[in-house]
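Go by the hints and put chain E with the ligands onto chain Y.
There are 2 protein chains.
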Amino acid sequence: MSQSTYVIGHQQPDTDTICSAVAYARLKEKQGADAVPARAGELNPETQFVLERWDVDAPSHLEDASGEQLILVDHNEHSQTVTGAREAEIMEIIDHHRIGDVETSSPILFRNEPVGSTATILSELFDDAGETPSTRTAGLLLSGLLSDTVVLRSPTTTDRDRVVAEELAEIAGVDYEEYGKELLTHKSKIGEKTPREMILSDFKEFEFGTHELGIGQIETVEPAVVLHQKDAVLEAMDDVATEREYSAFVLLVTDLLEEDTTALVAGDEIETVEAGLDTAFSEQEAFLPGVMSRKKQVVPPLEDAFR
Amino acid sequence: MSQSTYVIGHQQPDTDTICSAVAYARLKEKQGADAVPARAGELNPETQFVLERWDVDAPSHLEDASGEQLILVDHNEHSQTVTGAREAEIMEIIDHHRIGDVETSSPILFRNEPVGSTATILSELFDDAGETPSTRTAGLLLSGLLSDTVVLRSPTTTDRDRVVAEELAEIAGVDYEEYGKELLTHKSKIGEKTPREMILSDFKEFEFGTHELGIGQIETVEPAVVLHQKDAVLEAMDDVATEREYSAFVLLVTDLLEEDTTALVAGDEIETVEAGLDTAFSEQEAFLPGVMSRKKQVVPPLEDAFR
Ligand SMILES: [Mn+2]
Ligand SMILES: [Mn+2]
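Residue numbers (the UniProt record's numbering), protein chains in the order written: chain Y, 1 to 307; chain E, 1 to 307.
One chain only, chain Y, in its complex shape:
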């Protein structure tokens, strides 16, 4: 019997990562492959809402990928892969981020496109294969797309995302503006979390040269809920930065309505963060007008500053 291939997204999974894993596993199955969706961590409340809304089972949690065959979606760097991925065989990668450090010994399919979501690329792959996603799969893909692009408002949004969103909304039978607003209310359910849960719920780790950084993001319609407990949040950030030996921990509190970000910072390398983001922190806080995208507006200048 041949081995199953796990389709899996990044740690601290978000809606795009989970929905892309499920949708791509379905496409691969239609094409005769033995592909199973999996996840590398706990589901966030937005993703739980999405899976219930479209009546889809949560992918099972892959604790250790050593010795497995993997298709990576929505990430392509080892600091974000499932545990054991370095001892796994990477069969394919579908992503929309910067090019990271995953290497392979054989030629594989690696399709990275500068669009708003991995779900956008997957919708196009369904198209290329002459397949139409089911209502459920279209609902999942639309959710990944709208979540990553903040309902087509993030600066990462491209014309391709807009076209795909309309097509998916039609198949799924929803109005994407209306459905998107419903999604956003779930994204911003942060009030019930502890500060530590809050800062780690959408969190990514990066290696820039010799420096390790943590960059979290809270996308919310109520940034005050986070900023009113700033001291406790900074303490949690300090703890994490010390435990994991980060040079800096940057938290982006992104206001989805105003389309701005307030950044908080902890760690030893605050001046390098200031240089990278071209800003000055006052009491570990800085306002970044127009900043909404970690990937496009924060990671590249920080990488340049730290290298």
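Among the clues, some could well be false.
Which copy is meant is left open, so a pair is good if it fits within one copy or across any two.
[What the hints assert, rightly or not] Below, computed lysine to aspartate or glutamate pairings styled on EDC-like, alpha-carbon distance capped at 16 Å:
1) 295 <-> 243
2) 295 <-> 103
3) 296 <-> 103
4) 295 <-> 205
5) 193 <-> 52
6) 295 <-> 52
7) 230 <-> 274
8) 181 <-> 259
9) 193 <-> 128
10) 295 <-> 207
11) 296 <-> 29
12) 30 <-> 238
13) 30 <-> 182
14) 230 <-> 269
15) 181 <-> 255
16) 193 <-> 222
17) 296 <-> 258
18) 230 <-> 159
These are calculated hints, taken from the structure and not from any lab test.
Chain E with the ligands in isolation, oriented as in the chain Y frame:
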């Protein structure tokens, strides 16, 4: 005035690298980009024949890419990039090799597909864009495809390569079997070269963990021309391995008619090469039945053995 983007292939350029650079620059230009083809080294006799046959100017030699904008074709690892590529901005990558060590700070298009040539992917990109290549461009793409797949005989050949070859041959107005045979005679014009020129004419460098390896390939219909001067060839390999501090220099002398390879080896790590290739060298020579592809049959097991 905005900066031109150079479309450029690997060092020791082969026909697929040069033809892909020219063809992709044309497609980007059609789409309104300011893209210029370039090369990272001297043309081999086969590629010279191809450019004359289709009446196309040779791309100019880019000596130093520092500060430039680059689109990489037919390679994606720094040991094979043009000088200065680490100080350049990588805008896109189109390739068909293993995933290497090129990283970027922003999301870019990276399209790597496990097919026989980069030219195959480019032909599909013309298609996706609704563009038909001109007779000349089709001639170049066909040449890249037939050269890399040894006229569709190499084990790297896929059904997609076969379909694309027929389409390109029709546009270019040639019979691809006949044209392919003509190409091969130029590929095998090795008799006039010095041993050093011979071993470096289709040559790639790899970093496997702490080891650097050189792996050259001579694809010929007359392997005896190389093997009859084995002592001089081994001496040249020894010199290069010492100068560049390689752990091993492996030369693949591939018989295009018999579809077999005779490997020669120099350097300190011959036993690791033997383990990787699952063979025993006698007087620094081993016969590898059925081996035709460096990329698919030689690089992956050597990487595993050296890591
Ligand atoms: Mn995503
Ligand atoms: Mn090639």
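Check residue 181 against residue 259 for me: Cα-Cα at most 16 Å, and say if that holds within a copy, between copies, both or neither.
Within one copy only: 15 Å inside, 61 Å across.
Under a CA distance limit of 16 Å, which applies to residue 193 and residue 52: within one copy, between copies, both, or neither?
neither (21 Å within a copy, 69 Å between copies)
Alpha-carbon proximity context of residue 295 and residue 52, limit 16 Å:
neither (28 Å within a copy, 46 Å between copies)
16 Å Cα cut-off: does residue 296 pair with residue 103 within a copy, between copies, both or neither?
between (23 Å within a copy, 15 Å between copies)
Intra- versus inter-copy proximity for residue 29 and residue 296 (alpha-carbon distance at most 16 Å):
For residue 296 and residue 29, the Cα distance exceeds 16 Å both inside one copy (33 Å) and across copies (26 Å).
Are the CA atoms of residue 295 and residue 207 at most 16 Å apart within a copy, between copies, both, or neither?
within (14 Å within a copy, 29 Å between copies)
Homomeric proximity label, residue 193 with residue 222: Cα distance no greater than 16 Å:
within (14 Å within a copy, 72 Å between copies)
Checking an output row: residue 296 and residue 258, CA cutoff 16 Å. Within, between, both or neither?
Neither: 18 Å inside a chain and 52 Å across chains, both beyond 16 Å.
Is the C-alpha distance from residue 230 to residue 274 at most 16 Å within one copy, between copies, in both cases, or in neither?
neither (19 Å within a copy, 61 Å between copies)
Alpha-carbon proximity between residue 295 and residue 205, which holds within one copy, between copies, both or neither at 16 Å:
within (12 Å within a copy, 32 Å between copies)
Intra- versus inter-subunit Cα pairing at 16 Å for residue 295 with residue 243:
Neither. Shortest intra-copy (24 Å) and inter-copy (42 Å) distances fail the 16 Å Cα cut-off.
Up to 16 Å CA-CA - residue 103 versus residue 295, copy category
Answer is between: at 14 Å across copies they meet the 16 Å cutoff, but 21 Å inside does not.
Violated hints, in rising order: 1, 5, 6, 7, 9, 11, 12, 13, 14, 17 and 18; the structure is consistent with all others.
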